[in-house]
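Heads up: the protein sequence lines correspond to chains A and B, in order.
First residue of the first sequence: 1, per the working numbering; consecutive thereafter.
First residue of the second sequence: 501, per the working numbering; consecutive thereafter.
Worth flagging that the hints you see were computed from the coordinates, not collected in a lab.
All values reported here derive from a predicted model rather than from experimental measurement.
Just to be clear, a hint being listed does not mean it is correct.
Unchecked claim - Listed below are several chain A residues computed to face chain B (Cβ distance under 10 Å; list not exhaustive):
| id | residue |
| --- | --- |
| 1 | Thr12 |
| 2 | Asn16 |
| 3 | Cys39 |
| 4 | Pro72 |
| 5 | Val96 |
| 6 | Leu170 |
| 7 | Gln172 |
| 8 | Val343 |
| 9 | Gly350 |
| 10 | Glu352 |
| 11 | Lys397 |
| 12 | Val399 |
Stated by the list, open to error - Capping the alpha-carbon separation at 20 Å, the derived lysine to aspartate or glutamate pairs in DMTMM-like fashion look like this:
| id | chain 1 | residue 1 | chain 2 | residue 2 |
| --- | --- | --- | --- | --- |
| 13 | B | Lys592 | A | Asp401 |
| 14 | B | Lys562 | A | Asp106 |
| 15 | A | Lys92 | A | Asp106 |
| 16 | A | Lys62 | B | Asp844 |
As the list claims (entries may be wrong) - Over the 12 Å line for every Cβ pair with chain A, so calculated as not near, a few chain B residues:
| id | residue |
| --- | --- |
| 17 | Ser507 |
| 18 | Asp529 |
| 19 | Glu532 |
| 20 | Gly607 |
| 21 | Gln763 |
| 22 | Gly978 |
| 23 | Ala999 |
Every residue gets a Cβ at the ideal spot worked out from N, C-alpha and C, and that includes glycine.
2 protein chains.
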Amino acid sequence: MSKAETSAISPTRAENYPEWYQAVVRAADLAENSPVRGCMVIKPWGYAIWELIQRQLDDRIKATGHENAYFPLFIPLSFLQKEAEHVEGFAKECAVVTHHRLEMRDGRLVPAAELEEPLVVRPTSETVIGDSFARWVQSYRDLPLLINQWANVVRWEMRPRLFLRTAEFLWQEGHTAHATEAEAREETLKMLEVYRSFAEDVLALPVIPGEKPENERFPGAVNTYSIEAMMQDGKALQAGTSHYLGQNFSRAAGIEFLDSDGQRKFAYTTSWGVSTRLIGGVVMTHADDDGLRLPPRIAPKHAVVLPVIPKPEQESAVLAYADEVAARLSAVCYDGQSIRVSVDRRDLRGGEKNWQWVKKGAPLRLEVGPRDVEGRTVALYRRDRPPREKEFVPLEKLVTDMPCLLQEIQDNLFRQALEMRQSRTRTDIATLEEMREFFATGEQDGFVVAKWCGDVASVEVLEEMKVSIRNLPLAQSGTAGRCVLTGREATLDAVFAKAY
Amino acid sequence: MSKAETSAISPTRAENYPEWYQAVVRAADLAENSPVRGCMVIKPWGYAIWELIQRQLDDRIKATGHENAYFPLFIPLSFLQKEAEHVEGFAKECAVVTHHRLEMRDGRLVPAAELEEPLVVRPTSETVIGDSFARWVQSYRDLPLLINQWANVVRWEMRPRLFLRTAEFLWQEGHTAHATEAEAREETLKMLEVYRSFAEDVLALPVIPGEKPENERFPGAVNTYSIEAMMQDGKALQAGTSHYLGQNFSRAAGIEFLDSDGQRKFAYTTSWGVSTRLIGGVVMTHADDDGLRLPPRIAPKHAVVLPVIPKPEQESAVLAYADEVAARLSAVCYDGQSIRVSVDRRDLRGGEKNWQWVKKGAPLRLEVGPRDVEGRTVALYRRDRPPREKEFVPLEKLVTDMPCLLQEIQDNLFRQALEMRQSRTRTDIATLEEMREFFATGEQDGFVVAKWCGDVASVEVLEEMKVSIRNLPLAQSGTAGRCVLTGREATLDAVFAKAY
């Protein structure tokens, strides 16, 4: 490996965190800005991560009884208008289709054939799915209706940032309808728990599940819940949301059913979603100054084999051994799947090749050279250790240890992230003054867990600090104290932080 | 089973083929029209078929060395304009985004904030992907670039028809760039072969791979190839296309590279795609007057277990046995995957339940009643046999036979479709007069395989017959003869048909 004491990513986290993020995304070849304002191109390595996220989350969504379906990209204005809060929440960021034809006029291509009713490119699908649900639900026997959709959505964005905030993004949106409030509330929390366990077990992101304060609710929701993760700059990232919508959308769309008691009633609905934003969260949680570090469960390659060929006459023996190493490892299972391993045969200098895989975040790099062929060993580099630290391991031992090794890296990344969050969470801040002081420096941002009286008017003072209540954790202490904002008596525990 | 001698679908194929198609799609609960003009809602059973198509085709696309990525939904007008033929081909069906905000004016929601440059919702992505390729390709070492995208696309449609022609549809589009013409041509044909084998082995659709005549080429392509399937009304359905684009798009987008000889050259590109239209093809090929028949490889359920409970006191024993049957079968593998089976416990009359699964096309229905519990048998109904034909099979035998049974149904559907195509393919039509006569009745439409001189001007006479040359099959006889259209000497074999 060539690079001496400097890090592979410039600037480092300490030097400039936002630029470090962009540099990691670029160095890992995850995505790039497109010339189409606010839209990104997700490159193969980034998309392969998304596919692994999709596949594993989809399994969990199906295991909890949901079925996938697909609804139109376009929403008529009249649909959107039905739920007043909803349309107000999204009106500012809607891409609007007004024509369905292009014509050449004076050598310039211009829109032609105006639509009678403009169409909005879906920013979310409650209204258009509600329209179908109204047709599908007639009787209590048709409930619960448990539907999920994988789709692209568009929310116009003035300050786009790869994965974190883009005009178009990919996501899944669950939409369910239930006969009773209790069942819909249970669904809302069940899916929040699916997101929590997925984030922690698969993405190695420690998250805090909780309820959003009223001022942070999804437009049209009765209750909004979120999982919140801490990034390495101490800011929060909302990593997933689950909404209890009550009868707001079922009244708007007419999702009515004949109940077993012979009464016509409006259904109770929920919706919940996570998006490609999760990839941004993975980068900002696990990457270091040498680039990305991927939790094995979402690593497109668990391991790459890097042949080292000092002399041309050694080439065939080394390559044959490299293939053998890859073949042996792909016969091993981790997490119910074959280990994803390949040999990097590209014609590049060994140091450069090795560093590329460091930056892309592959959990394991396996160098094999002439001596390894003889000794039937590999030089093992772990991405959760310093990049130059290597260990010579007999191939047979590596084959046996592989599942444990990957799980150890998965657990390590989770543990490191959890320790980071714990070390940057303050529970001793009791007054507005202390809070101002804490968030003023900006260098040591983090979470403040403190008491809140529950009065939404009180959060206004947070704006100047660029701080918000992220959520009220489901795990409440129940103790009484003083509201950190108003000094009034308060029992709620709330998480305060700056956020993406 | 209740229904006596009538068929489950009305009208039948013979009575009204187009309406029969809509009725099958509705009865199988595959999809529905949405109030958004031209857009469809793909319902869970239809979407589950699409997921099986996606997963299996994706495996084949990856096995041939391609990687998935994701590109923007929106295309600036200036991009589209770069390739003259391309923009001309798509201008008439482009949905155009002109605003990025909504405002309430006089109680009405109206588009606000006009875009500087209107954006087109992608009808296909050659131009926007070409823009990325131009950045990604610098040297011959970056080639070949083998990319695939799963996405939604929009082509405005005045006469929509579920799956076959919809304004928005789902598809995959492959886009590749190569250093040489030979390599790009090889790729074009390789992917055509992937489509052929996928259509035949997975969808059980016999198809004819061949080259499109010049007048039917993709706008901007040098050569277009297709696979063509015959529907049960004798019409052709283009089920997939693969295009050799030469340097047309690489010149337009500037995909230039430094070759190993030190020269700067434009890359040679290809593109290829299949869409949700395939589901329409599956319906129109395999469904019968009782509803859908699904090839096992794309059946969301291979088998459903239907408990028959004459007396309440028999319920627990029958349901326990039904669960046992399902559990035993799901432990069996077919085509590398666990058999997909479930117990239908819904509170519905047995006849109605059975007919629902007939209409949905599940390959196997397994009735279990009190006598089956005692004798450890099941009453087996195969969807490739008449709906009332049943056979009592010992459970142990069924478990053993299951993979063979499913493959037999898969092969049966393919064979029946192939026989249908063969019986409706005429190779003895030698003159325009005979062709007119053949296609005039409309009742016995089919394929005409005849000689063609290759002169595109000659196909004009086909228009009044609503016939077109579907393709020039890759398997050419090489014999000489007379062009069926012009009477001139001709060696090309061409497939003539009406088409969807």
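Quick check: which numbered hints come out false for this structure?
-> Those not satisfied are hints 1, 2, 7, 8, 9, 10, 11, 12, 13, 14, 15, 18, 19, 20.
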